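Chains as they are written, first to last, in my numbering: chain A, 1 to 114; chain B, 1 to 115.
Hint data in this document are derived by calculation from the structure and do not stem from the laboratory. Source: prediction; values computed, not measured. From the three backbone atoms N, C-alpha and C, an ideal C-beta is built for every residue, glycine too. Some hints here could point you the wrong way.
Stated by the list, open to error - A few chain B residues that don't get close to chain A, going by computed Cβ distances all over 10 Å:
hint, residue
1, A1
2, G16
3, F63
4, T72
5, V113
To be verified - With beta-carbon atoms standing in for the labels, derived distance ranges:
hint, chain 1, residue 1, chain 2, residue 2, range
6, B, T72, A, V12, 38 to 48 Å
7, B, A54, A, P18, 16 to 26 Å
8, A, S1, B, K42, 12 to 22 Å
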Amino acid sequence: SQTIHQWPATLVQPVGSPLSLECTVEGTSNPNLYWYRQAAGRGLQLLFYSVGIGQISSEVPQNLSASRPQDRQFILSSKKLLLSDSGFYLCAWSGQGTSTDTQYFGPGTRLTVL
Amino acid sequence: AQSVTQLDSHVSVSEGTPVLLRCNYSSSYSPSLFWYVQHPNKGLQLLLKYTSAATLVKGINGFEAEFKKSETSFHLTKPSAHMSDAAEYFCVVSELGGGSYIPTFGRGTSLIVHP
């Protein structure tokens, strides 16, 4: 069966510090991968998605970036965090072809920027 | 273009009474529709999925949803609420575009269950 991991689970960082959040998927190959942000009391905002190694599409311009160095690894980064980057970050994966319509989510990372 | 509207930001029910969470969608093509549940500080869990095989879709934990094309609705129901159903629920519409499905999430409905 497939599983998706995210770490860290929680993170408290000062404004201006760098960020690296990691997501890995097990039990599947060539998944589509997604990063979402969920601000307090709000819905999900799609930040990035990737259909393959090195292929990243950005949905929202901001000071965050994403990379996919391996098939089942997806990293969310920032060089300098802003207060507005606080939120709950969710990674998701989906299959290829007609299976891409269903997304499966990781447990999330709670980021607090102070 | 696709969109999804969850008509209620909060729904409050008593334990043992029926649950109705409303969702309307807009889609250019035949969409895939989903309901997800999110408990506090957790990821999203798939409740059910519609993909044109049957208009009434049964999901986990006793939930079901009915696809009504004429009303562009996909409401989520459960006959009897449990305390453990208290959570945030998201309706999602997904269309094929550029070779992949890109979902659009509703803003969520918070289900409150009173004892």
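Outcome of the hint check:
no., hint, result
1, A1, "holds, 14 Å"
2, G16, "holds, 28 Å"
3, F63, "holds, 16 Å"
4, T72, "holds, 18 Å"
5, V113, "holds, 19 Å"
6, T72(B) x V12(A): 38 to 48 Å, "holds, 43 Å"
7, A54(B) x P18(A): 16 to 26 Å, "violated, 49 Å"
8, S1(A) x K42(B): 12 to 22 Å, "holds, 19 Å"
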